[in-house]
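Trainee: Start from chain X and add chain R with the ligands according to the hints.
Listed below are the residues making up each chain.
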Amino acid sequence: MIVVEDIHVTFGRGTPLEKHALRGVDLTIPEGEFVTVIGSNGAGKSTFLGSLAGDVLAEQGRISIDGTDVTRWDTPRRAGLVARVFQDPMAGSCAALTIEENMALAAARGRRRGLGLALGSDRRRNFRDRIAALGLGLENRLHDRMGLLSGGQRQAVSLLMATLAGSKILLLDEHTAALDPATADFVLDLTRRIVRDNRLTTLMVTHSMRQALDYGDRTLMLHEGRVVLDVAGEERAGLDVPHLLALFAKQRGGVEISDDSLLIG
Amino acid sequence: MTEIALFGAIEIGLVYALVAIGVYLSFRILDFPDLTVDGSFPLGAAVCAVLLIAGVNPWLASLAAALAGAAAGLVTATLNVRFKILHLLASILTMIALFSVNLRVMGRPNVALLMQDTVLTPFYGLGIPDHIVRPLVVGVIVAVVVLLLARFLSSEFGLAMRATGVNARMARAQGVDTDAHVYAGIALSNALTGLAGALFAQTNGFADVTTGIGTIVVGLAAVIVGETVLPARTLALALVGCVAGSILYRLAVQLALSADSIGLQASDLNLVTAVLVAVALILPRLRAKASRSVSRSPSAAK
Ligand SMILES: Nc1ncnc2c1ncn2[C@@H]1O[C@H](COP(=O)(O)OP(=O)(O)OP(=O)(O)O)[C@@H](O)[C@H]1O
Ligand SMILES: [Mg+2]
Numbered sequence: 001m002i003v004v005e006d007i008h009v010t011f012g013r014g015t016p017l018e019k020h021a022l023r024g025v026d027l028t029i030p031e032g033e034f035v036t037v038i039g040s041n042g043a044g045k046s047t048f049l050g051s052l053a054g055d056v057l058a059e060q061g062r063i064s065i066d067g068t069d070v071t072r073w074d075t076p077r078r079a080g081l082v083a084r085v086f087q088d089p090m091a092g093s094c095a096a097l098t099i100e101e102n103m104a105l106a107a108a109r110g111r112r113r114g115l116g117l118a119l120g121s122d123r124r125r126n127f128r129d130r131i132a133a134l135g136l137g138l139e140n141r142l143h144d145r146m147g148l149l150s151g152g153q154r155q156a157v158s159l160l161m162a163t164l165a166g167s168k169i170l171l172l173d174e175h176t177a178a179l180d181p182a183t184a185d186f187v188l189d190l191t192r193r194i195v196r197d198n199r200l201t202t203l204m205v206t207h208s209m210r211q212a213l214d215y216g217d218r219t220l221m222l223h224e225g226r227v228v229l230d231v232a233g234e235e236r237a238g239l240d241v242p243h244l245l246a247l248f249a250k251q252r253g254g255v256e257i258s259d260d261s262l263l264i265g
Numbered sequence: 001m002t003e004i005a006l007f008g009a010i011e012i013g014l015v016y017a018l019v020a021i022g023v024y025l026s027f028r029i030l031d032f033p034d035l036t037v038d039g040s041f042p043l044g045a046a047v048c049a050v051l052l053i054a055g056v057n058p059w060l061a062s063l064a065a066a067l068a069g070a071a072a073g074l075v076t077a078t079l080n081v082r083f084k085i086l087h088l089l090a091s092i093l094t095m096i097a098l099f100s101v102n103l104r105v106m107g108r109p110n111v112a113l114l115m116q117d118t119v120l121t122p123f124y125g126l127g128i129p130d131h132i133v134r135p136l137v138v139g140v141i142v143a144v145v146v147l148l149l150a151r152f153l154s155s156e157f158g159l160a161m162r163a164t165g166v167n168a169r170m171a172r173a174q175g176v177d178t179d180a181h182v183y184a185g186i187a188l189s190n191a192l193t194g195l196a197g198a199l200f201a202q203t204n205g206f207a208d209v210t211t212g213i214g215t216i217v218v219g220l221a222a223v224i225v226g227e228t229v230l231p232a233r234t235l236a237l238a239l240v241g242c243v244a245g246s247i248l249y250r251l252a253v254q255l256a257l258s259a260d261s262i263g264l265q266a267s268d269l270n271l272v273t274a275v276l277v278a279v280a281l282i283l284p285r286l287r288a289k290a291s292r293s294v295s296r297s298p299s300a301a302k
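One line per chain: the protein sequences are X and R, in this order. If you read the first sequence in full-length UniProt numbering, its first letter stands for residue 1, the second for the next number, and so on. If you read the second sequence in full-length UniProt numbering, its first letter stands for residue 1, the second for the next number, and so on.
For reference, chain X alone in the conformation it holds in the complex (with noise of 0.2 Å):
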């Protein structure tokens, strides 16, 4: 469970490009929730999701992450409860180590790393059956530095690397924006597996209004760094794309807005 109070998030306070990024935003997301993001760009979506990893400290405000106060805590410390895909491919996983010295790091996230081999047989085999299981060959690929793969690919290694560790909240900034369509689609289905088999507790930001209302069990919609819209259930069930575009219209001060498409940015 991740419990948000009334966080503010501030860039280059004191000089001429001072951003108030996060306005006060309250959120409370139950254990096992999966909560799709939207927003327009600049909304505020990465920084929240990067005050949750740690990567930016609110300067007021509380965050908890099943009952553990890490309002302060640095993205190291965090790393044994948060477990991320970014948006850049490149961005989650060495290129210049293989795959496998890739899963080994990730599978030690959150623990205390020793002077034992990162890669014993064990885990190698281990390795090799998880990798199996995402159905793209990649098993007889493990010694090839992750530098060689395609962003999908690369993208499905790093949601495979999100769940070697125990954790209790996934954060997916606009995972698959950098893939083609038939490439997110697939990453997003094995984003909606590894999520329900793993039961993580979930936040995926997402430009795409039909991602947002067809995965997950919650929406919510940031605007200028609060939360305007927070929809989930029959509400949100309810709700179609062109509902949540001219909400969205709405927050932007009224401009009609017909296409998902315009969104993608």
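Calculated from the structure, these hints are not laboratory results. Please read all numbers here as calculations on a predicted model, not as lab measurements. Where is the CB? At the ideal position from N, CA and C, for every residue including glycine. Each hint should be verified, as a subset may be incorrect.
What the hints assert, rightly or not - Label pairs and their computed distance ranges (CB to CB):
#1 X:G24 <-> R:I85: 32 to 42 Å
#2 X:R125 <-> R:G205: 49 to 59 Å
#3 X:S121 <-> R:A256: 40 to 50 Å
#4 X:A95 <-> R:I85: 25 to 35 Å
#5 X:S150 <-> R:M1: 43 to 53 Å
#6 R:R104 <-> X:D129: 57 to 67 Å
#7 R:S258 <-> X:G116: 43 to 53 Å
#8 R:D117 <-> X:D144: 48 to 58 Å
#9 R:D130 <-> X:G114: 34 to 44 Å
#10 R:R82 <-> X:N140: 27 to 37 Å
#11 X:D144 <-> R:L148: 21 to 31 Å
#12 X:A246 <-> R:R285: 45 to 55 Å
To be verified - A few chain X residues that don't get close to chain R, going by computed Cβ distances all over 12 Å:
#13 G24
#14 L138
#15 P181
#16 L188
#17 R196
#18 D230
#19 G233
As the list claims (entries may be wrong) - Just so you have them, the derived chain X footprint on chain R, three or more residues with Cβ under 8 Å:
#20 158-168
#21 175-183
Mentor: Relative to the frame of chain X, chain R with the ligands by itself:
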């Protein structure tokens, strides 16, 4: 080249192989251009020489030299990580400071080791010529270092250190305390350099504050030569490449110096090394440019 000169080149190549491995750790693995080695090499030599003269066991003196090197590395890492000074500048500050420190340690610009026991002493009496004993002993030490380091870098801690250099953001998201790994890596790099300085003092019989000048460039040259002759797919091979590169570099230098027709003197060494490293750094760029323009021309023809 005479036999003595040949073994001499191998010996000095092996001593500097430890510097090359240190440079590989900082420049390649941590992506941290660290010039501290210009100071930590003579620091290691100075600490070792002074301790040997004080009658300390040579192995302990060598260990102390490595620890002194590690401390120098920690200073650089602290300036960079804690106080956010650019890594190059941080290491230059430490390097300059070490020049004074080294003078303090020795009390004068150079110290000769004449009658003192060194790690080599027990091996001189075995009937093998001295000029072969030295590279043999140093070679064994280098081999042990390579094995230990290869094992270290394939541990969970070592893997996290490599990730720190490749993609710090990802490493942090995986719970790696990247700052701690920079401290550890730069300390280790300079510890190896300090040990190299100690071996230099013991094989050459002196320590001198000026021996540090250009250490970084020699180390880089060795790394680059190694990468060229032995494009390594695995980490252990890359470390072996550093050793091979260091020896080959010294052999090439020895050859150039002994060929009278070229007319080079020992004092031209730094110039030759700098040119070699510059060329090695420029070449891949030119090659990339060439292949880009080749691949561009067919598409332009369409
Ligand atoms: N590190 C930073 N320094 C300064 N300003 C920042 C920083 N990160 C984000 N911002 C600013 O904060 C605001 C929110 O940015 P954020 O990245 O959270 O938006 P977003 O909703 O993720 O947008 P997008 O859809 O474009 O990804 C923007 O105005 C952005 O310019
Ligand atoms: Mg964003």
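Trainee: 43 to 53 Å was suggested as the range; check whether the CB atoms of X:S150 and R:M1 agree with it.
Mentor: Holds - the Cβ-Cβ distance for X:S150 and R:M1, about 52 Å, lies within 43 to 53 Å.
Trainee: Minimum Cβ separation between X:P181 and chain R greater than 12 Å?
Mentor: Holds, because the least Cβ-Cβ distance between X:P181 and chain R comes to about 26 Å, which exceeds 12 Å.
Trainee: Please check whether the beta-carbon of X:L188 is more than 12 Å away from every beta-carbon in chain R.
Mentor: holds, 21 Å
Trainee: Between X:R125 and R:G205, does the C-beta distance stay in 49 to 59 Å?
Mentor: holds, 54 Å
Trainee: Okay, the stretch 158-168 of chain R and chain X, do three or more residues pass the C-beta test at under 8 Å?
Mentor: Check passed, 7 qualifying residues.
Trainee: Given a hint of 21 to 31 Å, does the C-beta separation of X:D144 and R:L148 actually sit inside it?
Mentor: holds, 28 Å
Trainee: With 43 to 53 Å as the target window, see if R:S258 and X:G116 comply at their CB atoms.
Mentor: holds, 49 Å
Trainee: Can we confirm that no CB of chain R comes within 12 Å of the CB of X:L138?
Mentor: holds, 19 Å
Trainee: At 12 Å, judged by beta carbons, does X:R196 keep clear of chain R as stated?
Mentor: Label holds. Min Cβ-Cβ 23 Å, cutoff 12 Å.
Trainee: Given the range 34 to 44 Å, decide if the beta-carbon distance of R:D130 to X:G114 lies inside it.
Mentor: For X:G114 against R:D130, whose Cβ atoms are near 43 Å apart, the range 34 to 44 Å holds.
Trainee: Just tell me: holds or violated, for the beta carbon distance of R:R104 and X:D129 against 57 to 67 Å?
Mentor: holds, 60 Å
Trainee: Would X:G233 pass as off the interface with chain R, using Cβ distances and a cut of 12 Å?
Mentor: X:G233 clear of chain R: closest Cβ-Cβ about 32 Å, beyond 12 Å.
Checked against the numbered hints given earlier, this structure breaks only hint 10.
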